[in-house]
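Take 1 as the starting number for the sequence shown in my numbering and just add one per residue.
Where hints are given, some of them may not hold.
[Unchecked claim] Pairwise CB distance ranges, derived in the manner of DEER restraints:
| id | residue 1 | residue 2 | range |
| --- | --- | --- | --- |
| 1 | His28 | Ala272 | 38 to 46 Å |
| 2 | Gly176 | Asp2 | 25 to 33 Å |
| 3 | Arg166 | Arg87 | 38 to 46 Å |
| 4 | Leu255 | Pro171 | 29 to 37 Å |
| 5 | Ala220 | Pro149 | 21 to 29 Å |
To be clear, the hints were calculated from the coordinates, so they are not data collected in a lab. A virtual CB, placed ideally from N, CA and C, is assigned to each residue, including glycine.
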Amino acid sequence: MDERPIGIFDSGVGGLTVLHECLVTMPHEDVVYLGDNARLPYGPRPLEEIRRFALEIGSWLEAQGVKLVVVACNSATAAALPDLQLRLAVPVVGVLAPEAHTAVLATRNRRIGLLATQATVSSDRYEALLRALDAGVDVTALACPRLVPLIEGDDPYGEETAEAVREYAAPLKHAGVDTVILGCTHYPLIRPILQRVFGRQVTLVFSAEETAREVAETLARKRIENSSVREGSYRFLTTGDVDGFREMGRRFLQLPIGVVEHVEIAALEQAAA
1 MDERPIGIFD
11 SGVGGLTVLH
21 ECLVTMPHED
31 VVYLGDNARL
41 PYGPRPLEEI
51 RRFALEIGSW
61 LEAQGVKLVV
71 VACNSATAAA
81 LPDLQLRLAV
91 PVVGVLAPEA
101 HTAVLATRNR
111 RIGLLATQAT
121 VSSDRYEALL
131 RALDAGVDVT
141 ALACPRLVPL
151 IEGDDPYGEE
161 TAEAVREYAA
171 PLKHAGVDTV
181 ILGCTHYPLI
191 RPILQRVFGR
201 QVTLVFSAEE
211 TAREVAETLA
221 RKRIENSSVR
231 EGSYRFLTTG
241 DVDGFREMGR
251 RFLQLPIGVV
261 EHVEIAALEQ
271 AAA
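With the hints as extra help, turn the sequences into a complete structure.
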């Protein structure tokens, strides 16, 4: 039995969709979630800058005594996963590989679409992962800068969001994809709109469940699970405004969020020094 918590981080609240699945899959584990809201969004930033942020947060979480780190951010996973795995002594799990594996299993015509942030698309990490699993797969990747602000806005299910989804879906539909990876942790919140635009014949892939399963399997394989007879706790931290995190976070986590603690960016920078 290992009572240390799992550490999960994201650029903001999007990773709470991954946290939700981890809490459901491993209700006996304690979790520390850190949202880097003061420096969001990560998507438009250069990959090197995102890598630096991820290494700071990963190092800080490790110093807090977590037993495993989950990079619940597609941009940070794309930019920094190998570096985090080299730097940290604890296991590190990202969100890209589970999605790529699920997409390759799901596609029937080997044409896969990707909707993601600019940083994730620019990294080419998805293409590399997909082609490592199936060298013959055809990938159509598209950056979607309008979606995150709309999803975090006052009317995430409004006509403006539907219009943006139709715009981004058009090149993928033209390419004849039958599977689309939702390569940003925000996108599952508008899954009904996405499914309506693409149609039931297109499989939408978001790997929160697969990521949570990989975390559970990693804990079991390394024999660092907590006792299964207890109920775990979860703790929230942000580099940004705690009230804003709590309010927006409820939309993504779909569970109560109580106390939110503030973490200074200087503390993160010092951890990686």
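Each hint tested on the structure:
At about 31 Å, the beta-carbon gap between His28 and Ala272 misses the expected band of 38 to 46 Å. Between Gly176 and Asp2 the Cβ separation comes to about 47 Å, which falls outside the hinted range of 25 to 33 Å. Look at Arg166 against Arg87: about 41 Å separates their beta carbons, and that is inside 38 to 46 Å. Distance hint for Leu255 and Pro171: a CB-CB separation of about 36 Å, consistent with the stated range 29 to 37 Å.
With their beta carbons about 39 Å apart, Ala220 and Pro149 fall outside the hinted range of 21 to 29 Å.
Violated hints, in rising order: 1, 2 and 5; the structure is consistent with all others.
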